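**Student:** Line order of the protein sequences matches chains H and S. Quick note: the first sequence uses this note's numbering, first residue 1, plus one each step. Quick note: the second sequence uses this note's numbering, first residue 1, plus one each step.
Bear in mind the hints are in silico, worked out from the structure with no lab data behind them. On a predicted model such as this, the values are computed, not experimentally measured, just so you know. No incorrect hints appear here.
Cβ-Cβ distance ranges computed for the label pairs, FRET-style:
| id | chain 1 | residue 1 | chain 2 | residue 2 | range |
| --- | --- | --- | --- | --- | --- |
| 1 | H | Phe168 | S | Leu57 | 40 to 50 Å |
| 2 | S | Gly65 | H | Ala68 | 28 to 38 Å |
| 3 | H | Arg335 | S | Glu216 | 32 to 42 Å |
We put the beta carbon where it would ideally sit given N, CA and C, even for glycine.
Chain by chain, the residues:
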Amino acid sequence: MLARARFRPLLPRNAGRALPCFRTLPLLCVLCLARPAAAALLPGMGFPVSHSWPSLALLGALLVLLAALLPWFGRLLRARRVSRKARMERVVIVGFDGMDPELATRWMRQGKLPHLARLAKTGTFRPLATTHPPLSPVAWSTFLTGVNPGKHNLFDTLGRDRHTYQPFPSSYRVLSLGSRFLPGFPLRRPEVKALRKSKPFWHYLGEAGIFSAVIRVPAAFPPEPFAGVLLSGLGVPDLAGTPGTFCLFTSREAAGGRKEGGVVLPLVPEGESWRGELPGPENPLSKDGPSDMALPLLLRPDPVAALRRAVVEIDGRRVTLRQGKFSDWIPVSFRAAWGVRFHGICRMYLKSLQPDVELYVTAVQMDPRQPVLPISHPPAYSEYLGKLFGPFSTLGLGEDSCALDHGALEESAFLDQCYQVHAERERVFFDALEKTPRGLCLCVFDITDRVQHMFWRRLEPPRPDLEPPEASPIELLYQRMDALVGRVLERAGPRALVLVVSDHGFKAFRRSFNLNAWLHQHGYLALVSGSTVSEERFRQVDWHRTRAYGLGSCGLYLNFEGRERHGIVHPGEEADTLRAELREKLRGATDPATGQAAIREVFDPREVYSGPYLENAPDLLIAYAPGHGPARESVNGAVMGGVFEENTRAWSGDHAMDPRDVPGVLFANRAILGEQHSLADVAPTVLQLFGLSVPRHMDGQPWTVRTEPPPPRPPGPAPGVF
Amino acid sequence: MSVFAFATALLVVLAWRFASNRAKVRRAKEQAQAHWLEARLFRYPLGVFARACGRLLRAALAWAGRSLAPLALVALPIALLVGQLDMRYACRPLLPREPALLVVHTGDAASTSAVSVDFPEGLVSAGPLARLPAEKAVVARFESWQVGQTEIMVRAGAAEFIKEVITGTGFPRLSARRVRGGWWTHLRFPGEAGLPATGPVSSIVLEYPRRTLWIEGIRVHWLLWYCVVALAAVLVLRPIVGVEW
Chain H
1 MLARARFRPL LPRNAGRALP CFRTLPLLCV LCLARPAAAA LLPGMGFPVS
51 HSWPSLALLG ALLVLLAALL PWFGRLLRAR RVSRKARMER VVIVGFDGMD
101 PELATRWMRQ GKLPHLARLA KTGTFRPLAT THPPLSPVAW STFLTGVNPG
151 KHNLFDTLGR DRHTYQPFPS SYRVLSLGSR FLPGFPLRRP EVKALRKSKP
201 FWHYLGEAGI FSAVIRVPAA FPPEPFAGVL LSGLGVPDLA GTPGTFCLFT
251 SREAAGGRKE GGVVLPLVPE GESWRGELPG PENPLSKDGP SDMALPLLLR
301 PDPVAALRRA VVEIDGRRVT LRQGKFSDWI PVSFRAAWGV RFHGICRMYL
351 KSLQPDVELY VTAVQMDPRQ PVLPISHPPA YSEYLGKLFG PFSTLGLGED
401 SCALDHGALE ESAFLDQCYQ VHAERERVFF DALEKTPRGL CLCVFDITDR
451 VQHMFWRRLE PPRPDLEPPE ASPIELLYQR MDALVGRVLE RAGPRALVLV
501 VSDHGFKAFR RSFNLNAWLH QHGYLALVSG STVSEERFRQ VDWHRTRAYG
551 LGSCGLYLNF EGRERHGIVH PGEEADTLRA ELREKLRGAT DPATGQAAIR
601 EVFDPREVYS GPYLENAPDL LIAYAPGHGP ARESVNGAVM GGVFEENTRA
651 WSGDHAMDPR DVPGVLFANR AILGEQHSLA DVAPTVLQLF GLSVPRHMDG
701 QPWTVRTEPP PPRPPGPAPG VF
Chain S
1 MSVFAFATAL LVVLAWRFAS NRAKVRRAKE QAQAHWLEAR LFRYPLGVFA
51 RACGRLLRAA LAWAGRSLAP LALVALPIAL LVGQLDMRYA CRPLLPREPA
101 LLVVHTGDAA STSAVSVDFP EGLVSAGPLA RLPAEKAVVA RFESWQVGQT
151 EIMVRAGAAE FIKEVITGTG FPRLSARRVR GGWWTHLRFP GEAGLPATGP
201 VSSIVLEYPR RTLWIEGIRV HWLLWYCVVA LAAVLVLRPI VGVEW
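Bound conformation, chain H alone (with noise of 0.2 Å):
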């Protein structure tokens, strides 16, 4: 009233009632000031604007900013309405992919956790229960949605085409490159179809106006809108749309191959240099149908052969290579037609230059700042994260595994990549840390999966009797892990809840058992006449005389008449006495060379399921004893080899088991009640936390956190015995 009474003599006497928001504005008033009065913008409504366009102006623009306002009035709004029933302002979620707690403990009760040996101490510590199977993508679909794989889709890390029994990933389909409209021009921009269902817990806390930045959890691709920020993870492909394929270029005579994740190519010399060609992307747009793509690569060694380095010359770039050193990201990009460009990042490692020229190439993962699939939600958060940090790692298997399983890469290369990916992905969580005051900050590492896999043999001790090697690959790797807590629990504050989770454990691998070669042996899964084999994708096999098929880590399906094209099993009591048979039969497989059983269980996914896609769960699924694991050739639809074999790959611990043998880890910066803690409570407990119901399809149970802080850390040196 005293601004409305004060600045009365310069406004018509209808103003206030006009325009009330005039009245907490007398900022505008004293623009007005400038000029007198002359006529009105618009009748009655009695502002002083006629022959004086600045005021115009200003009054336009004062508009334009209430209105850029009143969304963020609007969502403050909201967020005090929910923030009055929320218990915690702010939740941090740490993933680790396969932290195992059996490990955990055994370090923290050495000292050598001391950050996650305060959790333990001050809030909680447990073994947190994982899903059937325990696998990354179904555990952490069930971690970010609440509910089991029946209602999520996901029950492997492939899943099969009925019609064609082709295997794809199961996360996500690529439904179209894009397509062409004349001869080099696009029509239409790639789409991906994400194959998980149920929405994920932030869906809901954005509803209410609660931000949460969401970074590489796995089954998150591709992304969905939602009111955050977001970057995929696990799932997210390569250029060229696979999983991720290495290329070793190498100068030794007749080489050449495709591997499991890589490809050899050969350097063909040219004076003193040697070329290659680094393969691409399919071209959608190509005039003369879909072709592949490549960039050709000149390596010229330094003359000086002690200074071990060469200059590699790539898409208008000249890069230096030191050998035994990874170069930076080096961008590249593939033309596809007229002004069309896929974008893309590589790394390079100068493996050798004598007696042979070897030069190991990471697959060629999008570039983050012109990612060819959108790979972050909004899709400009990639691009901020590429421009602020420089290019990252994008792909969702960032680490290359299989190179190091094939000798692409020697393990303290492995090693190095790891820790380079993850220094990026730390850069991006502190950064999202940073932009969340108030809300979900959540992020998954997945260094702590890939290293375990690769190194679990350098883990345990060749024989029972002699002593493990000191400081292992994963032992460090958990004290860096240790470190990291240490950061986020100081960054985030006493009030904020802090959980580090991880989706499964670990155990040994050291027998594989094929299953599709054990379906072969015992006349399950029949080869066309004449061949003894099959190759990947099940190329050979007779689906005319195929009852049952493995695929994926943990997945046996019965070959269903109706359901698949050439489905011999007629459904009803045909199948279960096949399903039966199959269970009992497989429960007893016993390794002749250890006596012991590979197969620890075979579950029914009709007992451990419930939800509207339990029709595309697997018929069977396969839970192996510690120490097993599936075989790669059958993981992959192939028929070959023996049953048992000797795990002799790097790739030597494994989680593919009974889900009780492998369960994650749950820590806590506060005391978490109950005994029983699973993976899929998370989402109920985080809602609950922000004062939101628990939607009823949700079939975790939301847990009791105690919201006081801890006590404050006493002075000195962390905790280290646990």
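Put chain S on the given structure of chain H with help from the hints.
**Tutor:** Leaving out everything else, chain S in the frame of chain H:
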């Protein structure tokens, strides 16, 4: 003029090519773009948004700072070039029998009574001198009957000053003003020697008619056309020379 504009563009891209660190400019630009995106992405809460805006401002300044070295290199040559072009393209010479005004500015009002103007052969006075003591100016109206360059003699007491006059067509170098002042004034009006610093006359101005430039039926100022051509040339040359800004 287009040739000069193209030359200017070439000078600019070469200066940026050799006087700026491309990698650092690209990095600074990406940082500024990143903080712009940050301000768009993180609008809530206000503290986060305000910090993003602060970073954006800092990054934008850092980006602009990366252009200072090449800018310093090209600023003076371009200023000189524009000054020279202005003398040829801003105005046109007088046409025969076209009336014109000569304005003599004096240092004080009293000096206006001592000013006289002598027109040489070919220039004809079109009226008596108008003395404006309040404006400290004397205005002479005249017509030029002869094509070519000639000089008007301005007397102020014992002091004599010359002002050149050009009549005809084409693009001769025209000096509209002869002024008193320091190096900066002479840099801006380089057509004739400066007036003595202690003399009674501070400037002599000849109002040449503005030149009209028609491009595709549209009347444009020469500087606008020059800038458009130079910018277009810069855009063409930039990827060829490999410049980042």
